[in-house]
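Line by line, the protein sequences give chains A, B, C and D.
Just so you know, we're using full-length UniProt numbering here: the first sequence kicks off at 1 and counts up by one.
Just so you know, we're using full-length UniProt numbering here: the second sequence kicks off at 1 and counts up by one.
Just so you know, we're using full-length UniProt numbering here: the third sequence kicks off at 1 and counts up by one.
Just so you know, we're using full-length UniProt numbering here: the fourth sequence kicks off at 1 and counts up by one.
Keep in mind that the hints were calculated from the coordinates and are not lab data.
Mixed in with the good hints there might be a few duds.
One copy or any two copies: either way a pair holds, since identical chains are not told apart in the list.
Unchecked claim - Simulated crosslink set (DSSO-like; lysine-lysine; CA at most 27 Å straight-line):
{"id": "1", "residue 1": "224", "residue 2": "259"}
{"id": "2", "residue 1": "59", "residue 2": "259"}
{"id": "3", "residue 1": "54", "residue 2": "255"}
{"id": "4", "residue 1": "59", "residue 2": "275"}
{"id": "5", "residue 1": "47", "residue 2": "259"}
{"id": "6", "residue 1": "116", "residue 2": "224"}
{"id": "7", "residue 1": "54", "residue 2": "275"}
{"id": "8", "residue 1": "47", "residue 2": "59"}
{"id": "9", "residue 1": "43", "residue 2": "275"}
{"id": "10", "residue 1": "43", "residue 2": "255"}
{"id": "11", "residue 1": "62", "residue 2": "47"}
{"id": "12", "residue 1": "255", "residue 2": "115"}
{"id": "13", "residue 1": "259", "residue 2": "54"}
{"id": "14", "residue 1": "115", "residue 2": "224"}
{"id": "15", "residue 1": "255", "residue 2": "275"}
{"id": "16", "residue 1": "59", "residue 2": "43"}
{"id": "17", "residue 1": "275", "residue 2": "259"}
{"id": "18", "residue 1": "255", "residue 2": "59"}
{"id": "19", "residue 1": "115", "residue 2": "275"}
{"id": "20", "residue 1": "43", "residue 2": "62"}
{"id": "21", "residue 1": "275", "residue 2": "47"}
{"id": "22", "residue 1": "94", "residue 2": "62"}
4 protein chains.
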Amino acid sequence: MSREVRVAIAGGSGYTGGELLRLLLFHPHVQVQQITSERFAGKPVTKVHPNLRKLTPLKFDKIGDLQPCDLLFLCLPHGETANRWDDFVRLAPKVIDLSADFRLNDAAAYRHAYKKHHPRPDLLQRFVYGIPELHRDEIRDADYVASAGCNATATILGLYPLYRAGVVDPERTVVEVKVGSSEAGNRANEGSHHPERSNCLRSFSPTGHRHVAEITQELSFGSKIQVHFSATAVDMVRGALATSHVFLNQGLEEKDVWKIYREHYAAEPFVRIVKERDGIYRYPEPKLLAGTNFCDVGFERDPASDRVVVISAIDNLMKGSAGQAVQALNLMCGFEERTALEFPGLHPV
Amino acid sequence: MSREVRVAIAGGSGYTGGELLRLLLFHPHVQVQQITSERFAGKPVTKVHPNLRKLTPLKFDKIGDLQPCDLLFLCLPHGETANRWDDFVRLAPKVIDLSADFRLNDAAAYRHAYKKHHPRPDLLQRFVYGIPELHRDEIRDADYVASAGCNATATILGLYPLYRAGVVDPERTVVEVKVGSSEAGNRANEGSHHPERSNCLRSFSPTGHRHVAEITQELSFGSKIQVHFSATAVDMVRGALATSHVFLNQGLEEKDVWKIYREHYAAEPFVRIVKERDGIYRYPEPKLLAGTNFCDVGFERDPASDRVVVISAIDNLMKGSAGQAVQALNLMCGFEERTALEFPGLHPV
Amino acid sequence: MSREVRVAIAGGSGYTGGELLRLLLFHPHVQVQQITSERFAGKPVTKVHPNLRKLTPLKFDKIGDLQPCDLLFLCLPHGETANRWDDFVRLAPKVIDLSADFRLNDAAAYRHAYKKHHPRPDLLQRFVYGIPELHRDEIRDADYVASAGCNATATILGLYPLYRAGVVDPERTVVEVKVGSSEAGNRANEGSHHPERSNCLRSFSPTGHRHVAEITQELSFGSKIQVHFSATAVDMVRGALATSHVFLNQGLEEKDVWKIYREHYAAEPFVRIVKERDGIYRYPEPKLLAGTNFCDVGFERDPASDRVVVISAIDNLMKGSAGQAVQALNLMCGFEERTALEFPGLHPV
Amino acid sequence: MSREVRVAIAGGSGYTGGELLRLLLFHPHVQVQQITSERFAGKPVTKVHPNLRKLTPLKFDKIGDLQPCDLLFLCLPHGETANRWDDFVRLAPKVIDLSADFRLNDAAAYRHAYKKHHPRPDLLQRFVYGIPELHRDEIRDADYVASAGCNATATILGLYPLYRAGVVDPERTVVEVKVGSSEAGNRANEGSHHPERSNCLRSFSPTGHRHVAEITQELSFGSKIQVHFSATAVDMVRGALATSHVFLNQGLEEKDVWKIYREHYAAEPFVRIVKERDGIYRYPEPKLLAGTNFCDVGFERDPASDRVVVISAIDNLMKGSAGQAVQALNLMCGFEERTALEFPGLHPV
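Just chain A, same shape as in the assembly (with noise of 0.2 Å):
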């Protein structure tokens, strides 16, 4: 079949590049025309990007070089994307970008969790927010798309269906995510170093995390909200688990919670609802998840209190970050949306 949709991946040599490479590598119907990398530009993809050698020859670009293609993927370090969208914006009608600067479409809320003033709110409301079980059909006809972060992604996914619902107290609810170390990027520095990042169990944003402004502007449907967040680094290198407490504001049972997850997500191509009476696996999990595309969720309803439990996981690298962008592509391009996010992951691992 012919590769019809070429691409460019700019800022390719990090983890999240690393992984649309590998998805797009392999997808059918889309060609990767350019990878750009600054620090490695003339040197192979492989050089950085080791799972793919004889995979590709593909050497790497400086972002200066770019053609035009008819997808442009942005994977910057943030607030690049919005300093240089003019140059971007003419090289391709369409822009999957991967960075924070666009998930807000509200200049306050920017402000307020970035600590400055967002360089371009012209453009905010041009960019859908881009996960797709949300904004399944701004997605299909957008230009602009911006990807979720890896956290937000799951704690949303975990409590889309609750609060679409109005099930839930809108201030009380507090969520954990614990997060792998591949979340911080390719960078070392000293509390990446494996003598201390190993064994770890490590608060590293108890309170203030950025990515509670993308959950609260995804689940308040025009009411105030309060989401409390922290987060936990552990020792694991993809994944992340969200556990998040909410509790309801009317008398619902199990079968209730039950009802409105599945209402939700039956449909869903890339979530499953894992609540399991015995077994090892009996709630969602990173481990199985490596690879893959899917956000598992499940719950536990607390029989003691009107807490309900929600448990939600992804690989922070491809639901979180890469896969989210490319089922973002599909929807874009017309085409089936598990295209090249077939990975079922693996058992063990």
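Please arrange chains B, C and D on chain A, whose structure you already have, making use of the hints.
Here is chains B, C and D on its own, set in the frame of chain A:
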């Protein structure tokens, strides 16, 4: 110096028994007279506690062969202490029980948590709950001490000062504990099989954890409280980290919270307040605590709400079990409280 | 495309069976007709292979209910294939056996390695040893294939070119294989208990490993050779790394060794020669290979002696087992050799 | 008891310096007078050694501010001890150097291993190589001791009895060492970045490891020997395991080998011969040794050849570095050899 206190350990082939033995062999005032294991009776203790090779010639005895001693440690499966109490009480004037049998002082609370009637409700009031930071004087005078559950210990030590000070909304606290695999003991099962347990991030008690009963008992101070508790297993052997989200019922600033913690813990030999502005180890972390009897406690005041996130870390086999028990022995026998518990922990590890 | 080959998997609840199923569900020309498990008969395969949730409605059958098919995979405990051969042979014209029963073509070698008489020496010559890089044409024509042992596969693929070329002292080679925990299968035992198996670096076969018989068979080319083999378990789930120390019997330089490897492997779809001057991944490493069918091979010529250190890495469940078996299926059925085996591996993971 | 020996640690912010400090703070006869770090001068040592919180008020000094003391530990980058020797020698009558500068007593061997001329060949004979099991009496009388390399320590202690007994083919030994990440020190780099270093099984010195020079020096006893050495990094923080394949030059049975090891090591306080018929921990393993000064040594006689596989394990920061240095201090100062080194290790961990 003569070893004036003769102790015995019943149920000494498990991880808790091994840890007790490790500590007591180096205690200058204690002689380990006997240690029992039905399964390994007659075999050297180093068969199951290989870290003690070349350090002790002790062999396991059968529990029926226990001789009188000064202090008896019971590390038996839950239920055994209560069921066989009349045998044990004849052997020693002082007993430290590391099971869950006598942690609760209320038979109704026991029935609610353990789903059965307590076999010996007559004894409930005779045991002191074994966390020295809460019950030091009572432990000094006690004949019988019930060591606290590991998750309960981490949670209680984190929350006690705020609850004691009465500054917390008593029904909103959410606690998320992350634990290593040694918590589940030394018997292999399907879920502890390395290929399944490795790389896990596994919810095992989203609701209904039994330790909630202990936490509630120790933090309620006569009022009704509700602690919303969940537990997640991580890929670590030793260690427990409690992330507790409490909501203030009055307008405290960070320095006020500091003051509360300092007042309670500044003089404690085994509680450290950990809260730094920079560096890798800004908050408490079990990684630094393996083998130690410390509970590290830190917190962060959320400027965006009335939340305080309290972070508390222990080694579940030490401060959460054997170390706590030896600390109790030191108090009960009039030894310096830190005796045999001075190991500072390793970095890195 | 129609799925023209109907297969069945006998003994499908183990890790190898699960991995076969994962691959075959995405094989465009194969239909998995049945998969058996005595223990889980009647239950969905996702009960034990949770990564396949939402991807297949298959349930386990009992082995006695197997229907005729085109190709039968046998993933039974060692000994079962031979003992029940007369039953199996009636079910399918082609069989791929993943046990150790028919890897050796000499009854005396079997007796020496497995300490018992082979129950069906009459069949030994009817099986082809399943490493395609050594026996591609024979496998194409074979009815019965015996997949190689995982450690044997890593070792043989690393050493084959040098032994084939006759440049090695045949009695001095020392091989040290490091392996993950999935090699030992999915049954929990005392040694696989996470607190014991985690952080391990455990010699489990310093001498006497059974795979030596396969290695010797495949590398001897009619001469007597001796391979000094040891194996060490490491804290990893998937993966095997063989570090082989061979001693040259003639004065080859590095470029000569290169040439030998290139001649043998340049055209191989699943062998990559990995040998870089800088970067993190200069030599083969299983970390990059999880889920892939690659064997990466590298080497270093010791300038201080006549030693060459050969390093070869595989995923033990893939190239070391299920992937190798699917590669054989592709050859036996005339499909493109890479079909269903194209997953490139993840980085990082 | 008074702390009669005043010591200082130059270069104390690294892992080795931290480990020395941890040990010496609990040494009953030693007072740590100063510890230096250019980078952290003026800051509390707990800034970089957080395990020591609440245990010491020490701050880092600059190296230029060192005052005279009784014994000086040097934990500086390789080359610094030799280059600045004239400054250091004025500060203390006894020096223990933990760098590689004075391990070799032959300038030509140094040049060969380190690819440069030794800057102070005049001093080479004044240092005693710091492994007490080989040089106890010399260390007792020494002013200057050079602590051995960690991989060299594990290898030498494993092989010494056999080489000393002269029962080994001197040119055939192959050694494969597996090491944790703390060996490479506390500076972050691309290869130590957690997503890259985690799950690794990485050959880093297939040939040409510098420690071979030390091994050769200590095992040759006047004859020419050749040790074929490789090293592989594993996903572990502390620990080194040497698997050494030696070939006997005479017909020894297992009990003869036993006898040789027992003769050398039965009286050693820090060497344990580990060789059991069953159980999980049949051979030496670093997992049991974290924080201890033990070297565990075991072996297996290959019945199929003249090979003996020797397995030796240490904690690289302890017996392989700081622990060995404190053992030397104890000898040099006339203290009981085990003082401050009695920690037995944790199980499980």
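Checklist entry - Going through the earlier hints one by one, which of them does the structure break, listed in rising order? => result none
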